[in-house]
Structure formats: structure tokens, C-alpha cells
Amino acid sequence: MSHSAGTPGDITRRQMLRRIGMSALIAGPGAGLLTACATGGGAAPASSASPAASAGGAVSAKNPFGVPANAPLEVVIFKGGLGDGYAVEVHEPLYKKAFPQAQIKHVATQQIAQTLQPRFAGGDVPDMIANSGTDLMDNAALQKEGQLLELTELWDAPSIDDPSKKVRDMVAPGTVESGLIDGKPYLMNYVFSAYGLWYDSALFEEKGWTPPKTFDEFKTFAETAKAAGITPFAYAGKNAAYYAYWMILISAAKIEGNQILVDVDNLVDGVWQRDAMKQSAAAWAEIGKHMDKSFEGLIHTEVQLRQNQGKVALYPSGSWLENEQKAQTPKEFKYALTPTPSVTAADKMPFEAIRAAAGEAYIVPSKAKNPRGGLEYLRLMLSKEGAKGFTEKSGNITVVTGAADGLELTPGNASLSAAQTAAGQNIVTFSSFENWYKEFETELRKQTNALMFGRISADEFCEKVQKAADKTKADSSITKQKRTV
Amino acid sequence: MATDTARKPAARPSAPAHVRRRRKNPIGAFGVLSHLALLVWAILIVGPILWTFLSSFKTNTEIFGDAITLPASFGWDAWGRAWEKAHIGQYMLNTVFVVACATAGTMLLGSMAAYVLARYTFPGNRLIYFLFVSGMTFPVFLALVPLFFVVKNLGLLDTHLGVILVYIAYSLPFTVFFLSAFFKTLPTSVAEAAMMDGCSHTRTFFQIMVPMAKPGLVSITIFNILGQWNQYLLPIVLLTGNVEDKWLITQGVANISTNAGYEADWPGLFAALSMAIVPVMIVYIIFQRQIQSGLTSGAVK
Amino acid sequence: MRQGKYPFIVGFLAAPVLLYVVFVVSPYVQAFYISLTDWKGISANPRFIGLENFTRLFDDEVFWAAVRHHGVLLLVMPLATLVIALFFSFLLNLGGGQHGGRMAGIWGSKVYRVIFFLPQVLAVAIVGVLFQAIYRPDETGVLNSLLGKVGIDPVGWLIDPDIALLSIIGVMVWQAVGFYVVLFSAGMSSIPPDVFEAAALDGAGRFTLFFRITIPLLWDTMQVAWVYLGIAAFDAFALVQVLSVDRGGPDNSTTVLPMEIWRTAFNFSKFGYASAMGVALFFLTITFAALTLRVTRRERIEF
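Chains Z, X and B are the protein sequences, given in the same order. Going left to right, the first sequence walks through residues 1 to 485 as my numbering numbers them. Going left to right, the second sequence walks through residues 1001 to 1301 as my numbering numbers them. Going left to right, the third sequence walks through residues 2001 to 2303 as my numbering numbers them.
Watch out, some of these pointers could steer you wrong.
Simulated coverage check for chain X against chain B, where a stretch passes if three residues somewhere in it have a Cβ under 8 Å from a Cβ of chain B [stated by the list, open to error]: (1) 1061-1067; (2) 1101-1115; (3) 1245-1256.
FRET-style restraints, in silico, Cβ to Cβ [as the list claims (entries may be wrong)]: (4) X/Gln1290 - Z/Glu460: 38 to 48 Å; (5) B/Glu2061 - X/Glu1192: 52 to 62 Å; (6) X/Phe1206 - B/Asp2194: 35 to 45 Å.
It is worth saying that the hints were derived from the structure and are not from the lab. Please read these numbers as outputs of a predicted model, since none were measured by experiment. For every residue, glycine included, the Cβ atom is placed at its ideal position computed from N, Cα and C.
Hey, can you work out the whole structure from these sequences and the hints?
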């Protein structure tokens, strides 16, 4: 990261994320999403409009990676909550415009691993992959096998909107860092998400409820909601147990500070049995008691539909939720975000703290037939036009600063920006173990369900998860990763 | 023996009803309980399938409301969506083509191998036999990744020919196991007589043994058709997302099932399910007697 | 005019054996080799690690949970299927009492048989998706909705660790019974009528007929049935994947080896370890198959 020009070398992750919190998503009509560029400079008038001097050579100002103009490009998109319209209707046409001779092959799938694993093994890989979903490929394993193209070149390439700037300077701080494996950038995390508890503000208003600020209030609220015939809190155990462990991790970080999440990622001995983790697990397990057992057998969209039907009050998720439910949400339903309640009075972070991070990894395989094209495709995604189109098509905000300027804010996004303003510099950090250690993550999901549906105590939960972490740490066949911030 | 008896059962039971009525034999407690048990099971079978059909006309809210209600209105929106998005028709045609070819190939090659292994002694017979039989016991998807390379190196990836050959290969173990047992039960005398008359081995097989083995062949044919029709893992690997137009029906159903989860379109899912079920049910109802006796007659012997 | 025996044998075996070796044997042999490596399934550089994967199996509790479940499946699934199928096929074929010494089936038996067999022609993938809605754990599930009508609280069919595996077995039985009803019906109709006549003359009732005559005479067919069902008990992959909580849960209570192999290979990228599990599954299945084949070996019948 030392060669990073636009980002001061000494900036910490906390500071970067604080800047997002402070500068991005300022509410109000006309206010831009992620308006202010983190490095301070506003986007200069795009000079790329003037034809680049020399377009004859393979590498030019307009074609910094030297993409062969007629080489075909294959793009594989995970067709989940974001759909694949953003690729078909926005990014691929942008690429086609830049390289009219290029044939673009578009593949949409939910089974990324099943579709691509054999192709990787066979050396017949696509040029760009949206590696996401339940069946995503293990990025760390891909990197270890030398299958991923390092993206330093991408981040250092000139931005399409302002060739005098590098791509890395056009994205929210922390974006590049969140895609590091072994200290080098391999993942382009594109979607900017905030996590917390989502609710229907219209319903709360009607009932005269306010979201709980502490777990004591949460318990009282749970009784109130139950009395009104509404499940106070629920998540989908069948396929989305991670929504629940996110909450446990966020609360633990609020109690002890972000270091605990860094230590979780680094598989530090005993991290799962620290007081903060135990307190957090116990607090959430207490809430879990108010949840109907049946939620363990539902998938996320089924639970989300129940929330839309007014049967669930608070639902843990990320900011993609509103868009994911777009078709199912009644028009009087207004999504709103509230931070996770405080566990103790001595919490290191205030109630307002939320988790916000760049996610949804896009990768370029190193052994692709047209990896330069893959890089160029990513660069196009990171242009303002590409990012704005993405937000329009998918309803999700990207890491590209200022790209969503002028777009109208939905209730959920308005609430999100208000929450971010309130959070200020209190941003809970991201977790990397989900990408690094799939096996451990699977065990954590299992134990989270066991904890939240009352089969084990918080102490047992912490003990079992610690055991799983120790097992991963001792497993010589798993490459260990490190993060510092 | 098997040849004669296998066809009988379906034709027989209709008679007793009249007989009983004529004899004024009252249905006793036993009869009532029997009917009750049978009826309950019949409802257990038909209920879920009927429910799937009805659900394709419901809205999401109705689906997640009271399960035992009729849809408010019968619109075909969900069917339209499923037809358009899930390409059920195309997948159905693909599957018919692949399964027809693969089953034909399986039967030809499988019966040839089974016959030789069952009726001829030669060094290596047992070895080859157990090689085939052990294939029944190995988990298919463990071979998926190596298999992918084999198919790819032969240039057959993403082709129906590749799927057909692989289907044949993976259907051989059970086919050979079953048919060789069947050939062993056939009398040797006829074949011997044919050979005495100067019939070649090949002619003896095709003109004498195959007709004699018909019940076994029919049953294993139907067995293979069903098995291959329902195959799920192999097409996922062998027909990748690159060739969606070549996909088979189970891939299509699985895909729309995942889609429904992500896009929250449950009526569409149930419509697609219904679309996949209906043709199979029609074929089954038309040929139910052949299917039933075919599937089971060989096993009885 | 007569071909030699060996050219004929070679001619008949060449194509099937070639196809089989190329598409089945060679991938499996490779899988055996992979089980001795730490292959990640991505690049072509597996490292040979000997039996490490196998020693690791010994203290993998998920692996043992899966093995136990195969034990349960092997016991409960065939037994339940056989009992139900025998009962129904008896009712359908002989339950109508006897008329002039001839046993008759119950009224409507043909329709019942058509209905019972129906699930057999549906793809497992379809059946799985269908049962998601049947087993849904709250009152919107079909089963729980029915229970609710008679005042019973919703049952967590797939979320209660104590009954989740049984619920999945229930689906397998649901799908299988019809096949065996038809199979046993065919078997019963091949029992010579004079056997029943003789028994009827001796004053045997329906229960005697069932336990003393039908079952012993169907013994061979039942053994065949057990082989089929046993092989099915080692699979169950599609149903577990589609139906269970978090694919094999809750708390590993429904996981089976194919599920773990799939997860280990495709989610954890540990193809070496997954292959080792596959080899273990192979030996389990082959043991079962060898035992059953020994029991049910058919003698060559000479006329």
C-alpha cells in the first residue's frame, strides 16, 4: 500500500471508514451519496472527453491495460439479490462501446462454485467473475493457487472520469484494503453496505414504538411486540445464520472495540471466549428466546416476506435488503435502519455505532484468456457512469464516490444515511474470516443456530466456536491470513 | 414365468367388485379400515402434488398465509413467467432427446455386456463383472471433477453427445448387474439348440436371447429412462452455464427454485414445478401399466 | 460360419467396457489418487500427503455423525418402506377376501396402485422442492396448517434435531412405497392360486394368509427390495441439500456423507479430504452390497 498515491500511507482503516461515515450519504434531497471524495478534491471536469493523443498502440491513455480491441470477453455474474441487469444493461454495453469489435459472453448463475470450479481446474476460465452467493468460490484458495490476478494495476490506472486521478482515489477509503489477500489487492469489493437491524418505521410509528437502544430495552420491547402478536426479532436459520452472527460480532465489537474483530480474523487464541464475546452471545441468545422456533427452517426471503407482512419487527441484515424486497414490499412499508442495542453501560462504542464496509467481490482470473479485458471491465464498473447505472439497476450503493449524485433516496437509504451521520466515526469494522476460512464459518453458522434457538448456552457457544477456530488454526492444509487493521 | 405373470396384476382386480356386489358381501370392519388406510395414503400422495398446482395460482401472501385455502383467482401469470424465464419447454425437449439416445445406448451396450458376462466363461469374466458392479457403490460426484476433464479433453463438454455418453457409462453398472442376473435365469437349452443349428453367437443373442429376455429388458429400460430423466448432478457439471439453451429439465427446476428464493417469486416456482410434473404425469397415466409392470417384472423373477 | 467364441466376446465387450473405463473407472481411479493428496481442486498441482486425510477422518465428528445417519437410514428407511408396502400390496391384492377359492383384491385397487406409484416418476429435485412447502415449520406449512385445524401446535419437522432426519426419511418412504407396492403385487400375483386355495380350505384367515403364506413366498422379492433401498440409503443427497437447515443441520442432525463430500469439495475446496470421505463411503457401500449380494445370490436355474 506504500505506493498508494492518493491515500495517505498512514491513514488507518478506522479513519477511512470514519470519512465514509462523515462525508458519505448526507441525507436530504439532492445531497449526493458518497459525494465528497475522500481525498478532498472534487472531480475535475472529465478530460477523457478529448480524444487521447495516441490510440494506435496497444497501451494508450484510453486503454491503459492494452486490451486487444477484438478479444472476446466472458463475464460471469452471480444472479442473486443484485440481479444481473446491471451487467447486461450497464457494464457490458459500456465495454461494448469501448471495444465495439469485442464479443461479450454473459453467464448468470447462482452456483458459482459448481459452475466454475471445474473450469478453473481445467484452465478454461472467464475473464471477470462476480464471486458471491452461498456457493461462492473460496477466494483465498484461488489466490493461493495463483488463479487470481493482482489488482494493483487496476487501482493505479487512470480513472475514466478523471484521467489525472487514479482509480483508487475515486473510491471510498478502505475499499482497496478490504480486498487484500496476503497483503495484496485481489478482490474488487464493489458494493457499499451498512449493517444493523431493519424495521418498518411506519409500523413502529403506528404502534408508538421506538427501536431499543440497550438490551434491557430490547427485552422490554420484545415483550411488547410479542403482546402485539409480532415476533420482535427474527432471522432465517435455514440459509442465513450469518445474519445473526454478524449481530453477535457487531455487539462484541461495540463492547470491546474493533480489535476483537481483527483478532477473530487472525484466529487469536481464546478470542471467542473473551468477556465481550460471551456477553454479546448471551445478550443475543436472550433475544433469541422470543423468536419462534420455526424461523430456523425458513430461508431469508421467507423471513423478509414475513417482515413485509408485519409479522416480524426487527430483522438483521445489510443495506441491500430494501432492494431485495422491492417487489414484495407494500407501499406503506418504510424500511429503516437502527444500530444494534448497547449490551453494557461500559461499551467502548456508543449505541449509534454501525458496521459499514465494502463487499461483493469481483475478481479477474489470472489465467483468463482476456485478463486485460477483465481489468478494463472493472475499471468501467468503477467509472461514475458504471456505478450510477449499477445503483439504478440494483438499488445498491457502490464504493465509487459521488456516483449516486442526483438519484432519489429511498426510505431505507435515507434512514441509512441518517444512521451513518449519527454513527460518525464509530464504525464497526468488517470481517474477513468469512472469505478466508469457509470451514470455520460453516461451523460458526451451525453453532449460531444452536445458540439462537436455545439448544446451547452462550458459554457453550463460545467454547465450541473457539474449538472450531483452534481447529482451523491447527489445520496445515488451510493457508492462514493476517490483517492488521 | 415372469413373462406371463407380470402383465396380469393390473388386469385382474376389476372383477371382484362385481363379484362382491352380486354376493352382497357386506364390507366388514376390515374392509372399512383397509379402505381408510389406502385412502389416507392416496391423499398423502395426491395432496402435495395438487397443492403445488393450486399454489401456482396463489400470490406470495396467499402462499404464506393459510396453506389450506384455494387461491383467490385463477390467473396464469405465474405460469407465463415460469415459461418465459425458466424455458421449461426447451429443457423438456432437450431432456427427451438426451434420455432417448442415452437409454437406447445403455440398453444395447448393457445387454451385450451382461449377456457375455452371464453366459460365457473366459478369463477375466469375474474381474470385468465386479468392475461394473462396484460402480454402483461409488458416490457419483466424487468423480465429478476428474470426469469434467475427461469429457473436456474429448471435446465433449457442453454437448449433448457428451452427456449421452456419460449417462450410458453411469447407467451401465446397474444395467449389467441386473441383466446378467436375468440372463442367468434364462434356460440355456434354447440357445444351445440355436447354436447347434449353426446360429452365430451374435445372431443367437439378437434373435433368440433378446426376445427371451424381453421382460427384463423392458423393466431396466424404464428404470434407466426414469433414472436418467431425474439425473441432477451430471448435467450441472457437463452442461455449464455457457450453454443454457442445452440445459436439461432438472437443472431448470433447480435454477428456478434458487431464483424463487432470491427473487421471492414462489408462485413462479410452483408454476415451473407444475410444468415439469404435468408431462411426466400424462405419460405415466397413459403408460402406467407398462411402466409398473416393466419396472417390477424383472425384479420379481 | 460360426464365429469363434473369443472374437465374439471381445466384440461384445469392447464398446461398453471402453465407455465405462473412460467415463467411470478413470475418474474414480483419479479420485482415489486425489484422496492421498491435498488437492484444492483448482490448479493441477496436488501434493502427495499419504494417508493424512484418512487419519484426519477419525476425529472428524461431522464425518461420524454422517456415518451414523447412514446407519439409521439403512435401518429405518427400508424397514418402514417394506412394512407399509407389504401391508398395502396385501390389501390391494388379497384384502378383498376370497371368492370361490380365488383371492381377490380390494375394490378400487387399480386406482390406488396408479396413485401410489406416482411419486416414483417425479425427479428427486422436484420432490425436494415440493416438500419444502409441506414441511414448512410454521402454520403456513401444509402439514402444520392441517395440524393447526385440529388444535395442534406447529411441529418443527426439519428444525427439531430429534425428528429432522426422520422427516427426511419420511420423504424417501413417501416416494418409494408405491414402487414396492407394485413390486410386491406382481410377486403376490405370481404365487400359484392353489396355495391360497389350500390354505383357505384349511380355514386360514387373512392374517394367517399374510404372515404364514404371503411373506415367506415373497421373501426373494423382499431381498431384492432391500438391495434397492439400501443403495438409496447411501445417497439421500438431493433431499438433504434441499430440505435441511443449513444443509445437514440443525446441529449436523441430518447430514449424510454425500452432503459432507460435496461441502468439503465445493465449499471448502478440500478435494483431497473430500475424496478420502468418498473412499470411506465406497467401502461402506461395497460392504453392504457384498453382504446383500451374498444373501440374495441367485442360483442358475436349469430347465
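Against the structure, the hints come out as follows:
1. 1061-1067: Per the Cβ count (5), the hint holds.
2. 1101-1115: holds (count 5)
3. 1245-1256: holds (count 4)
4. X/Gln1290 - Z/Glu460: 38 to 48 Å: 58 Å, violated
5. B/Glu2061 - X/Glu1192: 52 to 62 Å: 59 Å, holds
6. X/Phe1206 - B/Asp2194: 35 to 45 Å: With a Cβ separation near 38 Å, X/Phe1206 and B/Asp2194 satisfy 35 to 45 Å, so the hint holds.
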